[in-house]
Amino acid sequence: MKRRIAAVIAALILSAPAAEAYLKLGTRIGDNFVPLHWAAFPIRYFVTNRDAAGVTAPQLQQAVAGALTTWSAVPNVSISSQFVGFTGASPVTGDGMTVIGFQNRPDLDRTLGATSFTIDSVTGEVIESDIFLNSVFPWSVTPGGEAGRQDVESIALHELGHLLGLGHSAIGETELFGGGRRVLGAETVMFPIAFPAGTLNRALRADDIAGLSDIYGNDQFRSSTGSITGRVTKNGAGVLGAHVVAFNPETGKLVGGFSLTADGTFTIAGLDPGLHVLRAEPLDDGDVGSFLNPAQPVDVDFKAALFDRLVAVPRGGTAAAVEVKVTPK
Amino acid sequence: MRRALVIVLLLAVPAALRATVLIPIEFRELVTISSTIVHGRVVDVRADWVDGRRAIDTFLTIAADEYYKGGPGDTVVVRVPGGQMGRYRTILVGAPEFQLGDEVVLFLRGNPSTGAFIVGLSQGAYRVAPDRTGRRVVTSPILMGKSADQTQPIVRGDPARVPLAVDQFRDVVKRVMAGGAAR
Amino acid sequence: MTSCARQSLLLSVMLAMASPALAQSRAEISGGVTWTGGFDAGGTDATLSRGAAGATPLTLFSTSSRVRPAVGASGRVAFFVTPQLAVEGSLEYSRPSLETAFSNDFEQATGTQATIGIASYLFGGSALYHFGGARLVPFVSAGGGWLRQLDQDRVNVVDGPELHAGGGVKYRLSSSFGLRVEAGVSSREKTVSFEDKRRTVPVVSGGVTYRF
Numbered sequence: 001m002k003r004r005i006a007a008v009i010a011a012l013i014l015s016a017p018a019a020e021a022y023l024k025l026g027t028r029i030g031d032n033f034v035p036l037h038w039a040a041f042p043i044r045y046f047v048t049n050r051d052a053a054g055v056t057a058p059q060l061q062q063a064v065a066g067a068l069t070t071w072s073a074v075p076n077v078s079i080s081s082q083f084v085g086f087t088g089a090s091p092v093t094g095d096g097m098t099v100i101g102f103q104n105r106p107d108l109d110r111t112l113g114a115t116s117f118t119i120d121s122v123t124g125e126v127i128e129s130d131i132f133l134n135s136v137f138p139w140s141v142t143p144g145g146e147a148g149r150q151d152v153e154s155i156a157l158h159e160l161g162h163l164l165g166l167g168h169s170a171i172g173e174t175e176l177f178g179g180g181r182r183v184l185g186a187e188t189v190m191f192p193i194a195f196p197a198g199t200l201n202r203a204l205r206a207d208d209i210a211g212l213s214d215i216y217g218n219d220q221f222r223s224s225t226g227s228i229t230g231r232v233t234k235n236g237a238g239v240l241g242a243h244v245v246a247f248n249p250e251t252g253k254l255v256g257g258f259s260l261t262a263d264g265t266f267t268i269a270g271l272d273p274g275l276h277v278l279r280a281e282p283l284d285d286g287d288v289g290s291f292l293n294p295a296q297p298v299d300v301d302f303k304a305a306l307f308d309r310l311v312a313v314p315r316g317g318t319a320a321a322v323e324v325k326v327t328p329k
Numbered sequence: 001m002r003r004a005l006v007i008v009l010l011l012a013v014p015a016a017l018r019a020t021v022l023i024p025i026e027f028r029e030l031v032t033i034s035s036t037i038v039h040g041r042v043v044d045v046r047a048d049w050v051d052g053r054r055a056i057d058t059f060l061t062i063a064a065d066e067y068y069k070g071g072p073g074d075t076v077v078v079r080v081p082g083g084q085m086g087r088y089r090t091i092l093v094g095a096p097e098f099q100l101g102d103e104v105v106l107f108l109r110g111n112p113s114t115g116a117f118i119v120g121l122s123q124g125a126y127r128v129a130p131d132r133t134g135r136r137v138v139t140s141p142i143l144m145g146k147s148a149d150q151t152q153p154i155v156r157g158d159p160a161r162v163p164l165a166v167d168q169f170r171d172v173v174k175r176v177m178a179g180g181a182a183r
Numbered sequence: 001m002t003s004c005a006r007q008s009l010l011l012s013v014m015l016a017m018a019s020p021a022l023a024q025s026r027a028e029i030s031g032g033v034t035w036t037g038g039f040d041a042g043g044t045d046a047t048l049s050r051g052a053a054g055a056t057p058l059t060l061f062s063t064s065s066r067v068r069p070a071v072g073a074s075g076r077v078a079f080f081v082t083p084q085l086a087v088e089g090s091l092e093y094s095r096p097s098l099e100t101a102f103s104n105d106f107e108q109a110t111g112t113q114a115t116i117g118i119a120s121y122l123f124g125g126s127a128l129y130h131f132g133g134a135r136l137v138p139f140v141s142a143g144g145g146w147l148r149q150l151d152q153d154r155v156n157v158v159d160g161p162e163l164h165a166g167g168g169v170k171y172r173l174s175s176s177f178g179l180r181v182e183a184g185v186s187s188r189e190k191t192v193s194f195e196d197k198r199r200t201v202p203v204v205s206g207g208v209t210y211r212f
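Chains as they are written, first to last, in this note's numbering: chain A, 1 to 329; chain B, 1 to 183; chain C, 1 to 212.
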């Protein structure tokens with residue numbers, strides 16, 4: 001397969017926007033963690049010319065296009081994409097092309113879909129990015145969903161969020177049932193667990209919009225929104241890996257963040273100006289690795305807690321720093 | 001028009017590439033469908049070309065301290081998607097990453113001699129690390145209902161769900177294998 | 001000071017100075033304590049979508065907010081157009097608190113409520129009509145104003161017009177000094193709250209007057 005280098009390196013930029021506000025995808029280059037960020041658009045992508053049970057390749061392409069349109073419609077961000085054509089290439093090969101397609105992965109029989117990157121570990125250049133949807137599962141593109149089948153556009157919307165650089169969001173709850181586990185509710189498309197087959201999740205929520213805007217937002221976004229920063233502490237010490245959610249009682253929006261340092265510091269950005277409720281909780285309901293590096297000493301030994309002060313978020317600025325105190329279980 | 005994908009050196013978040021959509025596994029099922037359950041340490045990490053040199057996977061060698069299920073030998077080989085060959089690194093977002101010396105409990109399927117797969121991509125990978133008191137604990141709590149036929153919300157911060165010491169974790173696995181209660 | 005408040009004060013001064021008849025009217029200043037009633041500030045549930053069309057969202061937690069009653073200070077300057085009719089400019093300051101109570105948390109999170117202080121400024125103008133000229137003088141009043149509220153971090157501002165009406169009694173202690181008590185209602189188009197709607201609250205005030 002002819003290999004095309006589809007990416008070039010631009011200047012390294014050392015300044016940061018509202019950094020660390022969301023989980024962003026990145027990798028370690030030397031001693032640095034380098035986030036992934038598309039600097040030029042449109043994103044040119046191919047679709048593997050391979051059907052899956054219930055969905056043809058052209059139907060997949062239309063669903064992908066729909067999902068990309070959803071991300072592109074976020075206000076105050078300018079991202080775009082271009083469908084180049086169908087290809088025989090699989091979506092996880094090192095051919096220099098961004099390919100999206102079905103692939104039969106029985107070894108990954110619990111994975112509906114995944115995004116992969118090939119990176120030059122010396123320069124940090126991303127050579128390609130691919131998305132596969134696992135054809136061991138039954139799929140559907142029916143507008144209203146189809147019982148027993150996963151919705152292509154919903155899963156594509158999630159994976160394309162990763163392609164654009166977003167990590168997972170933890171704004172969701174699950175339950176155990178009949179020897180399995182399922183999503184009870186989620187207020188994000190970037191929750192790592194899919195809704196049960198047949199359920200649609202095609203609409204972006206406030207958390208998704210804030211996350212994308214944090215990476216690609218323009219000056220209008222940054223001047224019209226604000227952020228909350230602070231620490232999560234337990235017995236005076238910082239808590240690493242706490243999930244913190246800001247809730248706006250006027251709008252009903254939920255936007256989340258994580259404490260990503262040993263001193264418990266967190267930042268939640270992209271918030272509408274106004275008063276917010278803060279809530280901190282541990283990531284003790286499953287795979288910490290879905291969100292954070294499990295090699296880090298993530299603390300899950302505390303109870304969920306609501307902060308005792310309403311936090312005033314300014315327009316174009318950051319609220320006064322807060323300390324959310326949690327108690328051990 | 002060339003598209004430019006740029007790595008921007010920011011105040012990067014210390015998060016590995018952890019991102020995919022999963023069908024979650026309840027712990028009983030994890031124990032049941034695994035052909036090998038091993039507690040041990042990573043003693044070798046080696047990437048290699050696979051699928052006709054079209055992808056890179058990493059092959060881990062785990063020196064077994066104890067097998068909870070199965071038991072092919074002193075070591076077991078585990079294959080995870082992604083890895084680095086020369087200067088090129090392939091990352092399947094959501095695949096677990098390991099380093100030499102990591103202490104783990106792995107739930108595996110497939111051939112443990114040539115490359116078993118971790119069940120559920122990362123769901124079958126549990127890390128062992130010292131807690132603040134120095135006690136070696138399995139860092140992710142077990143998610144398991146009181147019984148297989150009950151519906152039970154998973155409540156974050158549940159005081160009953162705490163990281164277990166390695167030997168306690170093993171005991172839970174053994175009880176599940178024997179068809180007993182969770183705790 | 002907002003332009004509306006400046007206009008109210010300027011109008012009061014102009015009324016006092018413009019007419020030869022007014023040049024002989026008396027002025028009165030007063031100051032005292034004000035109590036403003038609280039009100040329901042709205043309640044919203046933090047919810048998670050269940051995905052299925054038409055399904056009831058999952059409640060993560062519920063909130064119910066209230067602005068607490070507050071005691072503040074007030075100052076007034078009045079000019080008597082006639083012996084009975086006076087026009088008055090006023091400024092009231094108070095520090096109510098907005099309290100959000102939590103309930104129904106999916107994970108029984110600790111914490112029962114969150115609060116924030118509010119700095120409240122009301123610039124107003126009123127017309128007062130006094131009955132009788134004896135030591136005890138009942139009066140009725142009505143007018144409007146501009147309410148400005150800031151959260152304690154002075155980050156977010158809420159501005160809006162206000163209308164009020166009420167009545168009270170003045171008691172003359174001497175030719176110059178007196179006491180004043182009154183009660184009424186204040187209707188505010190905008191307030192610090194989580195629901196955008198007009199609110200009407202009771203107001204009670206008392207203080208001393210000085211006439212010159």
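Note that these hints are calculated values from the structure, not bench results.
Accuracy of the hints is not assured; some may be wrong.
Stated by the list, open to error - Under 10 Å between C-beta atoms, here's a sample of chain A residues computed to sit facing chain B:
1. 117
2. 137
3. 138
4. 179
5. 231
From the three backbone atoms N, C-alpha and C, an ideal C-beta is built for every residue, glycine too.
Hinted contact residue 117 of chain A with chain B - closest CB pair below 10 Å: Holds - the Cβ of residue 117 of chain A comes within 10 Å of chain B, reaching about 5 Å at its closest.
Restraint satisfaction for residue 231 of chain A [CB to CB of chain B, less than 10 Å]: 16 Å, violated
Hint validity - residue 138 of chain A Cβ closer than 10 Å to any chain B Cβ: With Cβ-Cβ at 12 Å, over 10 Å, it is violated.
Interface hint outcome for residue 137 of chain A [beta carbon to chain B under 10 Å]: 8 Å, holds
Minimum beta-carbon distance criterion (10 Å), residue 179 of chain A to chain B: 4 Å, holds
Of the numbered hints listed earlier, those contradicted by the structure are 3 and 5.
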